[in-house]
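For the sequence shown, position 73 matches number 195 in our numbering, and the numbering has no gaps at all.
Honestly, the hints are just simulated from the structure, not real lab data.
Accuracy of the hints is not assured; some may be wrong.
[Stated by the list, open to error] The calculated label-pair distances, taken between Cβ atoms and stated as ranges, are:
1. F236 - I141: 21 to 29 angstroms
2. K288 - L223: 20 to 28 angstroms
3. F293 - W257: 39 to 47 angstroms
4. S263 - H230: 36 to 44 angstroms
All residues carry an ideal CB built from backbone N, CA and C; glycine is no exception.
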Amino acid sequence: MFKRKIICDNTSMKSFLSIQTISKVAMLSALCVVLRYIFSSLPNIQPITALFLVLAGAESLLFSVLVMSLSLLISSFLLGFGPWVMFQIISFALVLLLWRLLIIKTWHPHILMFLAACLAFLYGIIIDSLMAVFWEMPWWSYVVAGLPFNLYHALSTLLFYPILEKVMRRFYNEKNVKTSYTS
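Sequences and hints are given; from them, build the entire structure.
Shown next as structure tokens:
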């Protein structure tokens, strides 16, 4: 599969904020905004979750959280901005952190697909929990009401993950970009 970069390697913040890195963050964020906008009419069918997980495996955690945060903030100007945006950022950050902690070994792609789907479902539970606390509603009512949407989200992540992982692997390997992907 691929090897991961460690969360805090010996590179300085100056090298992290290089023109190449900033350009990569901007382009990937733009891709995520477009993907999110294209699929916005379908309930919780989000390829960006799979893309965030692929990026979290290929790049550093800081890089993937930065792309995720920018994508959600920018796309919220198109799709609607509210308190849920911060909850989305928090929920995705927790999911990306869990992903980084869970994929220590090189696992079979089917296991990674299943894990990605489970984490997409967990994202729904986390954001439902945060929204229930924010709106002072019973937790179980949010979770039960969101169950079909969370299942759609998990299934779409299950389908999009292998496609986006293959595309990103090709992009990183064929363009000779320094990354943690290996052939």
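These are the hints, each one checked on the structure:
no.	hint	verdict
1	F236 - I141: 21 to 29 angstroms	violated (38 angstroms)
2	K288 - L223: 20 to 28 angstroms	holds (24 angstroms)
3	F293 - W257: 39 to 47 angstroms	holds (41 angstroms)
4	S263 - H230: 36 to 44 angstroms	holds (38 angstroms)
This entry does not satisfy hint 1, going by the numbered hints stated previously; all others are met.
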